Structures are given as C-alpha cells and as structure tokens.
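This is what each chain is made of:
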Amino acid sequence: MFMRNKSRISALIVVITIGLVLSMTGCSGGNTPSSEKVLTIGVVGPESGGSAQLGQGQHNAIQLAVDEINEQKLAGEWKLVAVFEDDEGNPTKSSSATNKLIQESKANIIIAAINSSATLADMVVTERAGIPQITPGSTGASITEQGNEWIFRTAANDSFQADALVKHAKEELGITKIATFTSADDYGQSGANLLKAAAEKYGLELVANPTYNNGDKDFKPQLMSIKDGGAEGVFLWGLYTEAALISNQVQQLGLDVQLFGASGMAAQKLIELGGDAAQGLILTQTFLPDADIPEVQEFVQKYTEKYDMDPIPHGAQAYDTVYIIANAVKNTDSSNPEELRDALRNTEGLNLVTGSPKFDEKGNDIGKRLLITEIRGDKFELIKAIEAK
Amino acid sequence: MIRYILNGLPIGAIYALVALSYSFIYAASGVLNWSQGDMVMLGAYIGFTVYQILNLGFVPAFFISMLAVAIVGIGIQRFILRPLRKSNAPAINVTIATLGASIIIRNLALMIWGPDAQLFPFPVSNKPISMGSLSITPQDILIVLIGILLMIIFQYFLKKSKEGKALRAVAQDRYAAVLMGIDTEQSDRSAFGLSAAIGAVAGILIAPIFFVTFNMGAGIGLKGFVSAVVGGLGSVPGSIAGGFFIGIVESVAGGKISSGYRDAITYTLLILVLWLRPTGLFLKKRKQKV
Chain Y
137 MFMRNKSRIS ALIVVITIGL VLSMTGCSGG NTPSSEKVLT IGVVGPESGG
187 SAQLGQGQHN AIQLAVDEIN EQKLAGEWKL VAVFEDDEGN PTKSSSATNK
237 LIQESKANII IAAINSSATL ADMVVTERAG IPQITPGSTG ASITEQGNEW
287 IFRTAANDSF QADALVKHAK EELGITKIAT FTSADDYGQS GANLLKAAAE
337 KYGLELVANP TYNNGDKDFK PQLMSIKDGG AEGVFLWGLY TEAALISNQV
387 QQLGLDVQLF GASGMAAQKL IELGGDAAQG LILTQTFLPD ADIPEVQEFV
437 QKYTEKYDMD PIPHGAQAYD TVYIIANAVK NTDSSNPEEL RDALRNTEGL
487 NLVTGSPKFD EKGNDIGKRL LITEIRGDKF ELIKAIEAK
Chain V
79 MIRYILNGLP IGAIYALVAL SYSFIYAASG VLNWSQGDMV MLGAYIGFTV
129 YQILNLGFVP AFFISMLAVA IVGIGIQRFI LRPLRKSNAP AINVTIATLG
179 ASIIIRNLAL MIWGPDAQLF PFPVSNKPIS MGSLSITPQD ILIVLIGILL
229 MIIFQYFLKK SKEGKALRAV AQDRYAAVLM GIDTEQSDRS AFGLSAAIGA
279 VAGILIAPIF FVTFNMGAGI GLKGFVSAVV GGLGSVPGSI AGGFFIGIVE
329 SVAGGKISSG YRDAITYTLL ILVLWLRPTG LFLKKRKQKV
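Residue numbers (our numbering), protein chains in the order written: chain Y, 137 to 525; chain V, 79 to 368.
Chain V with its partners taken away, still in its complex shape (with noise of 0.2 Å):
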C-alpha cells in the first residue's frame, strides 16, 4: 500500500501545481480558463526545445519556458478575457473563448512539432534507489520537491507581496478592490501569466515520464481541474491537497482494483465530492478564497 501511495506522489504533484493553477484563475478573475492544460504542453515543448533542440542546458530551460507561457497566458487574458469583459459577457462565452484557444494552441503545437511523442529525458537519473519492497528513483524525488518549493514560493508570494495582497484583495471582493484604487485589469494579467508559469513547471515535470505530445494538455489539463473541484475550486490549499489526493488515488486504483477503472475511479469521485460536498474535501467551508 505504502509503494502505491509513494507512487502516486510525483504525479500527485503534477496535478497539484495544475490544479492550483486553475484555481488561481477561478479566484482571481472568476472565469475557468479551459486553456490551463495546453500551459503544461506548451511548457513542456518549450524545454524541450530549448534543452534538447537548442542545448542551452537544463536551468536555461526551465526559466525560458516558464517565461514564454506566461507570455503565452498574458496574451490570452489580454485578447480573450480582456475584450469580452469589456464587453459584459457572461463567465461562461469566457470559458468557451479559452476553449478555442485551447484548440488553437494544440493544432499550432501539432503543426510545430509534429505528431510524433518526444523524448525530454532530465538531467537526473531515473534509475531506481531500492529501500526494501519500495523503490523511487531521483527523478520522482526531484519533481515532488520542486513541486513543493513552487507551492510554498507561490504562498509567500499571496501572502507578502504588494501583488500578492492585491490579488488576494481582487479575490475576496472584486468590487470593493476596485473601490480601494487596485487595478483589476493588472491583477487579471497576474492571475493568468502566473498560472500559465505554474502550468509550464508542470509540463516540464511531467514530460520525462508521459513523454511530451501535443495532445498531452487534455488528460492533464482535466485531471488538474477534476483535482481543483475535489479540493476545492478556488482554493489554492485545498487545490494542491486536492492534486496529491487524486494523484495517489489513482496510483492505488490502479495498482489494487483494476487500471481499466481507473478513471470511472477518479470521475465516480468528482461526481460524489460535487453531490455531497460542493465546496471540496478540504475545505471546512467556503470562507476565503485564496
């Protein structure tokens, strides 16, 4: 049991940082951006373009990649949220909008890269270190820790900075922050660069081990989201306890009951947590948003 849970932690902590990035949205700007998961493929692309295509080293890698998508996330809070927000449009032609992108953004990756999975190996090793029946090779150790320390960084950043207290502000009250001189329109285009960075450190994680494809958005991109509705959407805790908790789920699911149910595991869950829990596993009541 303890092998199957340990399993569940590195891809646990994929979920967590994309769960954590849809949430942030959701907070901050009050809109779903279905584009989230396409962050993780762009990410992953892009180190592996630059490590690989262009060997500029790992690190380079990491932080162009990181910068790029958060580009990448300004660019669809200032062409799609911007205007149709100006415009009143409902949340939900905002959602759909995100949805285009998200086609979008996986056909121009298809047309980039090809169809074809890639290989972006990282720059540890991936051999096994054995502790009697449990195994775990540096590579699992390396996402999960990077993970983490992105999570605390990205608390600190909520909690101390001048930005972050507005973001916070923004997502308690839009209307009162607003009344009190913070800039909305800044604190949208920090929701959604930040986000899409957090979606690019999980597609760079995550690619040694799915291996990096164009379509590679979708199943994380929906496994982050059914993680941040478990946890709690809009809620950066619960999101992240949320990303482990589904994580290791599915490590145990598949390893104990049959992989082939895997998913109805995880979807049969979803449904259950939105019927008898609305506001999410770990959250004790909907009182404060990020």
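With the rest of the complex left out, here is chain Y (with noise of 0.2 Å):
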C-alpha cells in the first residue's frame, strides 16, 4: 500500500512537472561558439501572451536583418549572432530573461523589450551588467528619463505621438472635449499624462481620464463614465487586444466618438479583432508597409519574401536596431561595452526603415519620421508624415 501511493504521489510530481516543462516552450536557447569576432544580440520580447504578434514581429525582423549583415559583411568583420527569450510582456519574466542572456549566452548588447514595464524591468538588469540596451518597440516616456547611460530607444517618443494626435485632433477634426482611457501600467500612465499636457498645450477640455487593467475584458462601465462626460474623442493608450475590445464596446454602447491610439497597438490583428469596430480608428505609427518611401519598400519585398506576411511597425524598427548595432560595432571595432554605447551614441548618416536614426543625450532617437494614419478597410492608411523636429 505503502509503496502503492509513493508510485502514485510519483505521478503527480510527473504530471507537475510535464506543465511546468511546457509552460516553458517557446524559450530558446543557444550558445554561441566563443570564435573571434562574433557579437551575440540578446533579444527579449513578448513571443507569446497579449502582446505576442509584436514580440514575433519584433523576432522575425531582427533574425532578417542579422541574416543579411552576415551575408553582406555589413558590420565589417564582425558576424552577429542573436538569442531570443520570451518574456510573455511580464517585467519580472523580462528581467530575468534579460540576465539570462547576459550571464549565459554572453550578449554584448540587449534588444529589449515591447512593453515598457518590461523595459524598464530590463533596464535594471542591463545597467547593474553595465551592457548596452536598445528598446525598439517601448515608447513608454519615463525609460529615456532615468538617467540610466546604457538605453537607447529606436521606438517614437511617447510625447512626440500624444502632441502630434492632440493637434491633430484639435485642427483637422475640430474636436474640443477629449478623454482619455489608458492602460493602468507605466506605459499607460506615461500616455495619460502626455496626453493631458497635449490637451492643456492645445486648449482642448479634458473631461474623463479613467483606466483599466492590461488582460480586463469588460470596459463598458468607464466608456459609460466616458460617455456621460460627453467626450468627442478618446484617446486609447494601450495594447492591441485591449483596443480592439474597447473599440468593440464603444460600438455596443452606441457611443458617438473619434477613437485614436499610438503606436503601441499598431498591429495588423486590431484590425482583425476590432472589426468594423475598430474602422476609423486614427493611430500614430512609424512605419506603414505601403508608404512610397525606397527603404520603406526594399524591407517589405524581402520581408514578405521570408515570412509571407507584412511586417508590422515594431519589426521595422527592430530591423533598423540591427542595422544601427551594426554601424555601430563596425565603426569602434570592439564588442567591449562602453565603446559600443558610445559608438551608438554617435550615430549618423544611415538611411532606415523608419528615418534616419540620430540619439539625444537620453538615448532618444530624435531622427524618427512620424505618420499619422487611419484603419480603413482591412489596412492603416496614411493621413500624412512629420518628420522630426
């Protein structure tokens, strides 16, 4: 008897374990061979989880363009290797899959993370290890304003995107009463607030600015609060899922509003999900596959040609980190950390996907072009481009 329920106490240890075991696909690991001249890019992102289609797009256009740099010898002679980890969009997963890959696969340097709690998670890991962190899909404003030397984002700047959505809301539409409904985490709270400053700078009356939970799935009471305030506008500051479901109650409510949303929830699956709820919707982004710009073009012909599907902002500009890593590792021939993050702090004179990249002091890239467009049909069309300031 004894032994009978060891066996079946066995059992259940199995089956734990076999859960835990599969929790755990997805990640991936690998060493690189310690041969000269090879600098190993570790990539976190959200592959799996709310935020999934961003991390795989994010993941399919860095493996291109490292894939391309090796094939052309465009970092000199250094060859790029890179390692991805999953983090699920879950900081206390992204920060341990960033010194994962700091200790084990050895990174020179961090591509991390989409979502801006993971980042900043993130950050802490790549500051304390002293290694060069490069965002391309958080826009989250607080990342550049730590004083942390080692981050540099290829994403748009959060308060470049609120500015440009509230005035364009203000001239083009005419609207006068705004609310905002944003994403109770530091990406959210960063766009509320950017957004209030825009509405304040632009005289534009701010009369809701409830929250929600990232994974909530019924928004209905604060569209109701929303809808009492009497609000023209709402202003989504969030993720794609969230904003195709909030898009879907805006329209069972019965609620006559403009929606618009920044870059963050860019991706081609709102447009699924929202339906033709989500039609009109006005977002602000870097990067449209269609735009008629040569570089533009060129990335889109080689990424369909790969991955038969669009890529999506996020990957563009994760595409364009590799190609800035490359110049970078290139120029100061040295894969010792300070040197890189100095050689990507002088930046200049590369032709990308989304501008031309040039960093501030914060690690910003002030060389993005901005593009302002709108879902119609089954695509995002663009309204009209700003190029930096």
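There could be a bad hint or two in this list.
Derived EDC-like pairs (lysine to aspartate or glutamate); straight-line CA-CA distance at most 20 Å [what the hints assert, rightly or not]:
id: 1; chain 1: V; residue 1: Lys205; chain 2: Y; residue 2: Glu517
id: 2; chain 1: V; residue 1: Lys205; chain 2: Y; residue 2: Asp392
id: 3; chain 1: V; residue 1: Lys205; chain 2: Y; residue 2: Asp412
id: 4; chain 1: V; residue 1: Lys334; chain 2: Y; residue 2: Asp364
id: 5; chain 1: Y; residue 1: Lys353; chain 2: V; residue 2: Asp341
These aren't lab readings, by the way, just hints derived from the structure by calculation.
Keep in mind the model is a prediction, meaning the values are calculated, not measured.
Need the complex rebuilt from these two chains, each delivered in its own frame; the hints are there to steer you.
This is how it looks when you write it as structure tokens:
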C-alpha cells in the first residue's frame, strides 16, 4: 500500500513537471561558439501572451537583418548572432530573461523589450551589468528619463506621438472635448500624462481619464463614464487586444466618438479583432508597409519574401535597430560595452526604414519619421507624415 | 446605476455558470477541480474551431463543444480523480493534481491554437438597442437567456432525474449513498462531465465578448471560483446568485469607483465573506449541498 501511494505521488509530480516544462516551451536558448569577432545580440520580447504578435514581428525582423548583415558583411569583420528569449510581456519574466542572456548567452548588447514596464525592468539588469540596451518597441516616456546611460530607444517617443495626435484632433477634426482611456501600467500612465499635457497645450477640455488593467475584458463601465462626460474624442494608450475590445464595446454602447491610439497598438490583429468597430480609428506609427518610400519598400519586399506576411512597425524598428548595432560595432571594431555604447550614441548618416537615426543625450532616436494613419478597410492608411523636430 | 447593473448581467451569467460548475463538483465529489477555468477556454476554442474554421454552423458548434469538453472532464475524473481516490490520497492532492492538469491543458491549447487572440463572433447582432440612457445588445440578451436556461435545465435534472437524485444523495452523504447501492464512481463521472460541459457553454458565451485566448480560463476560472465562495461553495443556487452578484459588483465598481480597484474590491469582498459569513452570502445555514 505504501509503495502504491508513493508511485501515485510520483505520478502526480511527473504530471506537474510536464506542465511546467510545457509552459516553458517557446523559450529558446543557444550558446554561441566563442570564435573571434562574434557579437551576440540578446533579444527579449513577448512571443506569447497579449502582445505576442509584436514580439514575433520583432523576432522575425531581427533574424532577417542579422542574416542580411552577415551575408553581405555589413558589420565589417563582425558576425552577428541573435539569441531570443520570450518574456510574455511580463516585467518579472523579462528581467530574468535579460539576466539569462547576459549571464549564460554572454550577450554583448541587448534588444529589449516591447512592453514599457518590461523594458523598465530590463534596464535595471543591463545598467547593473554595464551592457548597452536598445528598445525598439517601448515608447513610455519614463524609459529615457531615468538618467540611465545604457538605454537607447528606436521607437518613437510617446510625447511626440501624444502631441501630434492631440494637435491633429483639434486642427483637422475640430474636436474640443476629449477623454483618455489608458492602461494602468507605466506605458498607459505616461501616455495619460502626456495626453493631458498636450490637451492643455492646445486648449482642449479633458472630461474623463479612466484606466484599465491589462487583461481586462469588460470596459463598458468606464466607457459609460466617458459617455457621461460628453467626450468627442477618446484617446487609447495600451495594446491591441484591449484596444480591439474597447472599440467593440464603444460600438455596443452606441458611443459616437472618434477613437485615437498610439503606436503600441499598431498591429494587423487590431484591425482583425476590432472588425468594423475599429474602422476610422486614428493612430500614430513610424512605419506603414505600403508607404511610398524606397527603404520601406525594399524592407517590405525582403520581409514578405522570407515570412510570407507584412512586417509590423515594431518589426521595422527592430530591423533598423540591428543595422544601428552593426554600424556601431563596425565603427568601433570592439565588443567592449562602453565603446559600443559610445558608438551607438554617435550614430549618424544611416538611411533606414523608419528614418535617419540619431540619438539625443537621453538615448531617444530623434531622427524618426511619424505617420498619422487611419484604419480603413483591412489596413492602415496614411493621412500625413511628420518629420522629426 | 441601473445601467451598470444591466451591464453586469451578461458577465454575471458567465460567472454563475462557472461558479456552478465548481460547486457541483465540490458537492458531488468533495474536491476542488482547478481545471474548470480551462474547460471554459477549451469550450471557446472548440466552438471557435467548429464554427469559424470548419464552418459547421453555430448550433452544432455549441453542442460539439459541450460534448468534447465533457469528454475531457470525464478524462480528468478517470485519470486523476479515480486513481488518487483509490490510493486514498487526501483531497488536497487531488486539487493539486487538477492544477497540474490545468497547466497542461492551457499549454496544449497554446501549442494547438497559438498565442494570438481569436475572434469568435455570435450569429446575432451586437449593435445596441437603446432605451433612454440604457442600452443593451441582442448578444447580451442571448448570453443571459442561454445561461439562465441552462441553469434551469440543470436544476430540473438534479431534482427530477434518477441520476440527479443519485448525485444529490452522494453529495449529502457519500458513505450512506454507497450503502444504498449508488455507484459513486458513476456519480463522480457525471459530476466532472456535466461541469465540464457547463464550463464549455460559459466559454462559448463569453467568447464574443472576451475573444478566445489560451489563458482566458485563468481569469474567468478564478472569478467563477470567487463567485462560488461568495455565494456558498457547494450550493448550486448560492453559486448562481454569487455569480450574478460578482458580475454586478464588478460593473458598478468599475464605473462608479475606479476600474483600477475593481479586482481589489472583488477580492476584498471574498475575504470579508470568508471572515464574516463562511457559508456564503446567500445561504441561511449549511443544510443541503446540491
């Protein structure tokens, strides 16, 4: 009987262990041979979970750039190797993934992450280790306000986006009363503050500013309070799944408002999940696959050839990021983190997919092009392009 | 205020179904089945697959999903509950094992259907019908109606059918039921199968509102469990009342107080109930389980 019990308990342990192992699939590790002149790029992003499409788009684009650069020897004598880790958009998982990349994969530079709260968590790790980090996806304003000299951002800064959106709402659409509806994390909160500042700057009345938690499904209570305030425009700051649910529920409540959003939710999945409720949603982004710009067209052609789908904006930014890294390592001819960091800061003269990168002293890419786009049919259409200040 | 209450009803109906499935298993077999939330997720995915990918129509999707998920539920009973019971494992071991099953099911779903949310629209309109400041969509009405209908059928089954009576007997006194010649193995099987099927319905009903994702079961499962505890774990009517109650509380809290505190309010309520009225808000005293 005792033996029998014991075997049952071991069976139980096996069952739970299998579950845990399965839950870890999707993480990929990899050791690079320690041959000469190899630069290891550690990549962290949400390859599963609520912003999975963004993480996968980042993964694909980085691999494409790395392959091209190695094939055409664009990084001088350096060979680039990318090692990927999934953080599910979760800050805790993200920082341990970053740590793993630095400690085990011996990454020389980190590309991380998409979700701003994850990026903020990763920055603690890279700063302590003294490894440069570039975020191609996080737009949260606070990221480059920490006085952290190791962080660079190739995503468009949120304050630039908030300003452009509010200005567009006022000047082109004649909207006077707005509400913000933002996620309750670092990204959403900084978005809410920037929108509030922009509303004050352009003289718009902010009538409501509710928030939601990522993963929420029912947004109607907050939308009812927005309706009571009489807002004409609602500015969303969050990710695509929630934005799609919100646009559906706006329609279900019969709210007659113009929806706005930022680049964090710019994914094809937003259009698909949002259906006709998402039609007319206006959002800022840095990249549109059908924009008539030679660098964009070349990238889109190469990407679709390899993956048989359109790249996403985060992908374009991640692709540019790898080229920026290749340029830096070629110029400095060293994998020393401090030299790499200084070379990144002196980036210039590159004509890439999302603009001509140039970093300010805080690490923001001030060379980005910003596009105001609208969802029409099954795609984002360009309304106008704004060159960086 | 009425608007918020109205808005809480469809979600409340879903919570009620999930709460009912937890309570029913708990009452009939004395264990907590943590994989109930994932039955909701599986129901939604199987419904989505039959309806959106195989294009077999909504009604077939509904029943195929119930059947398939019921089989999974019976599988959990067969391969987890039964062996553990035979070796006289304590109830906590069974509960932990169902947690393991839950993780496995969730990750299988991730492998089969991928990490992206899927759209599962209802064949009825989700355009609002407005009455003054109130508005409700045909979709919401359908969710509440199907939910309530299922609860009525279920109650009828428990009170009138032979199997239902057997289940109630087992719930009241498992040992006495065995002495009376009731097959408790069979009643465990019915409880797991039926609860899984109810979870599947909840999954299909919630799918157009929540989208279908591999981890949707975690949130709904937890809220359903909280509803069951608040209403009275082990009591079917109490759990149903608890589900609607939590749905409405969340809606009112989200609109009138702050959505940031919505979950905090729900779980504070849970702690208060456990502290002040551990038998649940809606039961006078613990006398009958099912």
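So, going through the hints one by one against the coordinates:
Between V:Lys205 and Y:Glu517, the direct Cα distance comes to roughly 26 Å. Violation of the 20 Å bound is thereby established for this hinted pair. Of the pairs offered as hints, the one joining V:Lys205 and Y:Asp392 holds, with about 13 Å between alpha carbons and a cut-off of 20 Å not exceeded. For the hint pairing V:Lys205 with Y:Asp412, the CA-to-CA distance comes to about 11 Å; that is within 20 Å, so the pair holds. Between V:Lys334 and Y:Asp364, the direct Cα distance comes to roughly 12 Å. Compliance with the 20 Å bound is thereby established for this hinted pair.
Restraint check: the Cα-Cα separation between Y:Lys353 and V:Asp341 comes to about 12 Å, which is no more than 20 Å; the hinted pair holds.
The structure fails to meet hint 1 from the earlier list, while all remaining hints are met.
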